[in-house]
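K.L.:
Okay, here's what each chain looks like letter by letter:
There are 2 protein chains.
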Amino acid sequence: MTGTMKQVVLAAYAKGNPRPSDFRVEEAPIPQAGEGEILLRTLWLALDPLIRLALDETRISGATHQQIGEPMFGPTVSQVIESNHPDYKVGDIVEGRTGWREYAVVAPDQSDYRGPPRIVDPALAPVQTALGALGMPGQTAHSGMIDILKIKAGDTVAISAAAGMVGSLAGQIARMHGARVVGIAGGPDKCQALLSMGFDAAADYKAADFSAQLKAAAPEGLDAYFDNTGGDVTLEVFKHLKRGARMAMCGYIAYYGVGMEGPGPDHLPALYRTIMATGLEIKGFAGFMAGPKAIEDIARWAKEGKLTFPEHVVEGLDAAPEAFSSVFSGNSFVGKLLVKVSEPT
Amino acid sequence: MTGTMKQVVLAAYAKGNPRPSDFRVEEAPIPQAGEGEILLRTLWLALDPLIRLALDETRISGATHQQIGEPMFGPTVSQVIESNHPDYKVGDIVEGRTGWREYAVVAPDQSDYRGPPRIVDPALAPVQTALGALGMPGQTAHSGMIDILKIKAGDTVAISAAAGMVGSLAGQIARMHGARVVGIAGGPDKCQALLSMGFDAAADYKAADFSAQLKAAAPEGLDAYFDNTGGDVTLEVFKHLKRGARMAMCGYIAYYGVGMEGPGPDHLPALYRTIMATGLEIKGFAGFMAGPKAIEDIARWAKEGKLTFPEHVVEGLDAAPEAFSSVFSGNSFVGKLLVKVSEPT
Numbered sequence: 136m137t138g139t140m141k142q143v144v145l146a147a148y149a150k151g152n153p154r155p156s157d158f159r160v161e162e163a164p165i166p167q168a169g170e171g172e173i174l175l176r177t178l179w180l181a182l183d184p185l186i187r188l189a190l191d192e193t194r195i196s197g198a199t200h201q202q203i204g205e206p207m208f209g210p211t212v213s214q215v216i217e218s219n220h221p222d223y224k225v226g227d228i229v230e231g232r233t234g235w236r237e238y239a240v241v242a243p244d245q246s247d248y249r250g251p252p253r254i255v256d257p258a259l260a261p262v263q264t265a266l267g268a269l270g271m272p273g274q275t276a277h278s279g280m281i282d283i284l285k286i287k288a289g290d291t292v293a294i295s296a297a298a299g300m301v302g303s304l305a306g307q308i309a310r311m312h313g314a315r316v317v318g319i320a321g322g323p324d325k326c327q328a329l330l331s332m333g334f335d336a337a338a339d340y341k342a343a344d345f346s347a348q349l350k351a352a353a354p355e356g357l358d359a360y361f362d363n364t365g366g367d368v369t370l371e372v373f374k375h376l377k378r379g380a381r382m383a384m385c386g387y388i389a390y391y392g393v394g395m396e397g398p399g400p401d402h403l404p405a406l407y408r409t410i411m412a413t414g415l416e417i418k419g420f421a422g423f424m425a426g427p428k429a430i431e432d433i434a435r436w437a438k439e440g441k442l443t444f445p446e447h448v449v450e451g452l453d454a455a456p457e458a459f460s461s462v463f464s465g466n467s468f469v470g471k472l473l474v475k476v477s478e479p480t
Numbered sequence: 136m137t138g139t140m141k142q143v144v145l146a147a148y149a150k151g152n153p154r155p156s157d158f159r160v161e162e163a164p165i166p167q168a169g170e171g172e173i174l175l176r177t178l179w180l181a182l183d184p185l186i187r188l189a190l191d192e193t194r195i196s197g198a199t200h201q202q203i204g205e206p207m208f209g210p211t212v213s214q215v216i217e218s219n220h221p222d223y224k225v226g227d228i229v230e231g232r233t234g235w236r237e238y239a240v241v242a243p244d245q246s247d248y249r250g251p252p253r254i255v256d257p258a259l260a261p262v263q264t265a266l267g268a269l270g271m272p273g274q275t276a277h278s279g280m281i282d283i284l285k286i287k288a289g290d291t292v293a294i295s296a297a298a299g300m301v302g303s304l305a306g307q308i309a310r311m312h313g314a315r316v317v318g319i320a321g322g323p324d325k326c327q328a329l330l331s332m333g334f335d336a337a338a339d340y341k342a343a344d345f346s347a348q349l350k351a352a353a354p355e356g357l358d359a360y361f362d363n364t365g366g367d368v369t370l371e372v373f374k375h376l377k378r379g380a381r382m383a384m385c386g387y388i389a390y391y392g393v394g395m396e397g398p399g400p401d402h403l404p405a406l407y408r409t410i411m412a413t414g415l416e417i418k419g420f421a422g423f424m425a426g427p428k429a430i431e432d433i434a435r436w437a438k439e440g441k442l443t444f445p446e447h448v449v450e451g452l453d454a455a456p457e458a459f460s461s462v463f464s465g466n467s468f469v470g471k472l473l474v475k476v477s478e479p480t
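Chains as they are written, first to last, in my numbering: chain L, 136 to 480; chain Y, 136 to 480.
Pulled out of the complex, with its shape left as it was, chain L reads as follows (with noise of 0.2 Å):
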């Protein structure tokens, strides 16, 4: 196949919060498939917050980088082009990180430790989904509430920027368990629109009265917490755990954008003076340790009308700049943020 396509290029490291002026959107060649290669259309691109971890100046140890000048890395949705490979046919849709460009050529032996590309079954749910519920944030959300917290009936549980995918669907599997859920996400129709989910209550963390809102949903106090921000938000519900309450650290999106130190003052006394008082047990996790076990329950789960997905969903690469830094600055959508790139065929 020959012609141009459309890419998403970095075009400054960020500093602090993203910014539309950091990407550059240019025409680049469409790749050509070599041998045991493939060629792959993007349908779907997925704008998850840890991707902004890619884009400090100085190296992450430990995570992607990205370079200036480079396509955006970022996890995709595809469908297969041209194959080189015996595993893959055209026409199969495909789950991979091609990143921000219309076209990309992966090749499938040659993959790093997240490995290749996972074919898609279209019959299960809609294809995006491989990027939300039925993929990596699913099994996060699966892990971190049933493996990290082993949330239980009886159980109050809060959990932090609930309004995005991780978040509002491990609110959903808490409930399930029979946990009373308190969402904390910014503004009110955020809010409601955890209500409308099903959570027990929720606190808007831009709101003065954020402390009294928390309080008011849990006035017992709360046995869990499944933490995506870390911040403000985690100081204020430092204040509000039992003893012997559990903690499962997700993700630190309020702090994507420092190093190892922020700004002073030093929180972590803090936390310190926290895991004293209440005995309180923190646990890191990774999504991709609960393994297909997790897809399979939300897929059934989602099959007996359980669970919803709410999706924001933009169009084409172009809104990809804007829509990313939007993450960052205070955004108003719930549930998962995907880029649409093409239609499949």
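Any given hint might turn out to be false.
Where chains are identical, the list cannot tell them apart; a pair therefore holds if satisfied intra-copy or between any two copies.
What the hints assert, rightly or not - Here are the simulated lysine-lysine pairs, DSSO-like style, with alpha carbons at most 27 Å apart: (1) 377 with 438; (2) 374 with 150; (3) 418 with 374; (4) 377 with 418; (5) 441 with 341; (6) 224 with 475; (7) 224 with 341; (8) 341 with 141; (9) 418 with 350; (10) 428 with 150; (11) 374 with 438; (12) 418 with 141; (13) 377 with 350; (14) 287 with 341.
Hints are computed from structural coordinates only; laboratory data are not their basis.
Model the placement of chain Y on the given structure of chain L, informed by the hints.
P.N.:
Okay, now just chain Y, sitting in the frame of chain L:
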């Protein structure tokens, strides 16, 4: 009994590290034992770092709070001089929290959650060990290593403030369980003392090459960390943790002088990044959770010659303010810091 006694009162709330001038030695009447009460003469006073938490002007939720002009609180071993309570007879040795004074009256039936004075068997061990290895610090070391860290053969574990009572005991318990034990302490003398106690390696946090010392002591990284300090020591240890490491948070002497917030920069992001990068599990705990079984174990291990409990003893209450202050300014002694207040009869 009539007459006067010596006591140490708080003269000023501490700003940062306590100083000897924050305390005042004064004379007071020996208190009288009323109905249901016992009169105790103090034999030993423990100058535990945790006392610092009571010396802030603003009371910390959950902690004891010291009033200006009142006798300092603190753990003691005492002898019963007069008894108006059926459970105690004259001559008994008890462990309690009667503070920095030569005599005290206690109403055993009106104790707080920590219970009435505990009668100590002088045949078991020197009575002052009831404040250390055979008391709460011993329970803390036992609980942290065994219940929280679940230490096992093949583990490499680091311990901060390893030359202290809890740290030195924790390290010896870890060795008994087959772990490789790395003690962290300030200065070559303390490090040498750790090696004499059987630690596999010691790292001097005051040395310019502290990081390299830790790397040499645990070239493959750390499976577990028993933290008594927080602060810069812990931030360095974070760089040496293996994936899936466990951390028992036992104390945080680096933060006793600050409230919920220390001077910047904010190191909470470092904790989040460490937890997410390593899957670190952090758990806070309190020694009293370990129960009497821990003390029985330690007494038995000591009899079998498997444990030593170093002590540093200063003589008389007059010495307490300076000795206590030295805990926070980097003293040079090893093990339990005790004031010998008087001899038993």
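K.L.:
Hint by hint, say whether it matches the structure.
P.N.:
To see whether the hints hold, each was checked on the structure:
1. 377 with 438: neither (35 Å within a copy, 40 Å between copies)
2. 374 with 150: Result: close only across copies, 24 Å inter versus 31 Å intra.
3. 418 with 374: both (19 Å within a copy, 17 Å between copies)
4. 377 with 418: Classified as both; 17 Å inside a copy, 14 Å across copies.
5. 441 with 341: Classified as neither; 29 Å inside a copy, 57 Å across copies.
6. 224 with 475: This pair counts as within: shortest intra-copy Cα distance 23 Å, inter-copy 83 Å.
7. 224 with 341: Neither, since 49 Å and 62 Å both go past 27 Å.
8. 341 with 141: neither (37 Å within a copy, 55 Å between copies)
9. 418 with 350: both (24 Å within a copy, 24 Å between copies)
10. 428 with 150: neither (39 Å within a copy, 54 Å between copies)
11. 374 with 438: Neither. Shortest intra-copy (38 Å) and inter-copy (44 Å) distances fail the 27 Å Cα cut-off.
12. 418 with 141: neither (41 Å within a copy, 49 Å between copies)
13. 377 with 350: Only inside one copy: residue 377 and residue 350 sit 12 Å apart there, 38 Å across copies, limit 27 Å.
14. 287 with 341: Answer is neither: 29 Å inside a copy and 46 Å across each miss the 27 Å cutoff.
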